[in-house]
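Enquirer: The primary structure of each chain is shown beneath.
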Amino acid sequence: MLSRLKTALRALLRRSQAEHDLDEELRYHIERQTEQNIRLGMSPEEARRAARKAFGGVEQAKERSRDARGVRWLEDLWQDLRYGARMLVKAPNITLTAVITLALGIGANTAIFSVVNAVLLRPLPFKEPAALFTVWERNPQVGVEQNAVAPGAFLDWREQNHVFEHLAVFETRGFALTGEPEAERVTGASVSTNLFRTLGVSPLLGRDFVMEEETTGHNRVAILGHSLWQGRFHADPSVIGREITLNGNPFTVIGVMPPKLRFPGFTGIELGRLARVNQPADLWVPMLLDGPVRSIYNQHNWQVIGRLKTGVTPAQATSELDAIQRLIEA
Amino acid sequence: MARKKKTDMLQGMLDLLILRVLSQGELNGWDVMNRIQVVSGEVFRVIPGSLYPALHRLEASGLVKAEWGASDNNRRAKFYKLTAAGRKQLDAERETWKRFSGAVELILRDA
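The listed protein sequences derive, respectively, from chains A and B. Quick note on numbering: the first sequence equals residues 1 to 330 in this note's numbering. Quick note on numbering: the second sequence equals residues 1 to 111 in this note's numbering.
Certain hints may be false.
What the hints assert, rightly or not - Computed list of lysine-lysine pairs in DSSO-like fashion (alpha-carbon distance at most 30 Å, straight line): (1) A:K260 - A:K309; (2) B:K98 - B:K88; (3) B:K65 - A:K53; (4) B:K81 - A:K53; (5) B:K65 - B:K98; (6) B:K81 - B:K65.
What the hints assert, rightly or not - Covered by chain A, according to a simulated footprint, are these stretches of chain B (three or more residues, beta-carbon under 8 Å): (7) 25-31; (8) 46-57; (9) 74-84.
What the hints assert, rightly or not - Here are the in silico distance ranges between beta carbons for each label pair: (10) A:R27 - B:V38: 20 to 28 Å; (11) B:G62 - A:F233: 47 to 55 Å; (12) A:G217 - B:S61: 50 to 58 Å; (13) B:V39 - A:H234: 32 to 40 Å; (14) A:G291 - B:N74: 37 to 45 Å; (15) B:A85 - A:Q230: 26 to 34 Å.
Hint data in this document are derived by calculation from the structure and do not stem from the laboratory. In this text, a Cβ means the ideal position worked out from N, Cα and C, and glycines have one as well.
The shape of chain A in the complex, shown without the other chains (with noise of 0.2 Å):
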């Protein structure tokens, strides 16, 4: 009897040891969350809560699981993942067919990628969605076969060519919206300013970007997703022109995009927790493409989609921009 009092006592106190380990590795990871978003621009007391929010239902499970075992809220999390991962699994076949990967040259291992990331192409609302390609830099030297596109080649690539209708740059990015009614952490994209019309799609309010908007001091507008203007804006169509508050500096909203259009998303996967793979992106902003970019060729964080000319096939396209390509390297 004693003896298996002291064995419940042991594994007690093994287990509030664990417990309090986690609360406190939790609680690191928010305070580096709640740093962050004040780096964004949130309030001390909005960028707590974001942070709490961000780590989603973490805090309820633990909470609910607290006299259960020690770590039924970790296995709750990987039921989630599992039906998440099932979800994902379906969507490849379906998107295969609307983007491939357009990689300079022949690549090793180019294709997995572009497959998560056409994920978020469903359910596929734009224009003949056959003749979207994504395009990739490689470079086999150094044994890199998919990279992401710098800033000068793509603009060089979109300046350059005779084979795209549109050639378009993106890059997801998460923003603190801050002001009433509340901050929040949004995700989003910058974009190039004809994203939309080399996807097919048009703003269900307001106006699409112009080319202007790409410039210093023109840069400052935004377009919401729709969920967000459902959501934050309670759909109100007076929206348009009005200033909202990202990461501390003021942009006018100047159109709404239709439900349908999730691109980019927060591109492909969340890792893990894989059911909120088709979270719509909340909003985009233009990027800046005068200045110093222009002549950035080796940070490639830009990923770049494409709309081939009628008749154009994938072949002919990347010769061309292998071409462009060479001119830039010479």
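Dock chain B against the given chain A, drawing on the hints supplied.
Expert: Frame of chain A; chain B shown alone:
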């Protein structure tokens, strides 16, 4: 059965990426999360609710080892590093992944 395999593969991908970023040195959970996001060009996002279960599972299976240490400005943080077994697992998983992605690439190119 086939479905279970595929699910495992996607779980394995998170494990693989975690092992990979830890192969360059010990990191706390926050840094693992950010490293994966940044290195993948923001293609992958890892949420804490998936990251920590994965780290703890890797720890329980002996592929990573965790130690408490001081982080920036002297806060206590839990640092993870690869064990020898973890390193071996990383090499094996990397091979599997290469074969998998290479096969998909072949089909996309030629089928």
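Enquirer: Of the hints stated earlier, which fail here?
Expert: Violated hint (a single one): 15; every other hint is consistent with the structure.
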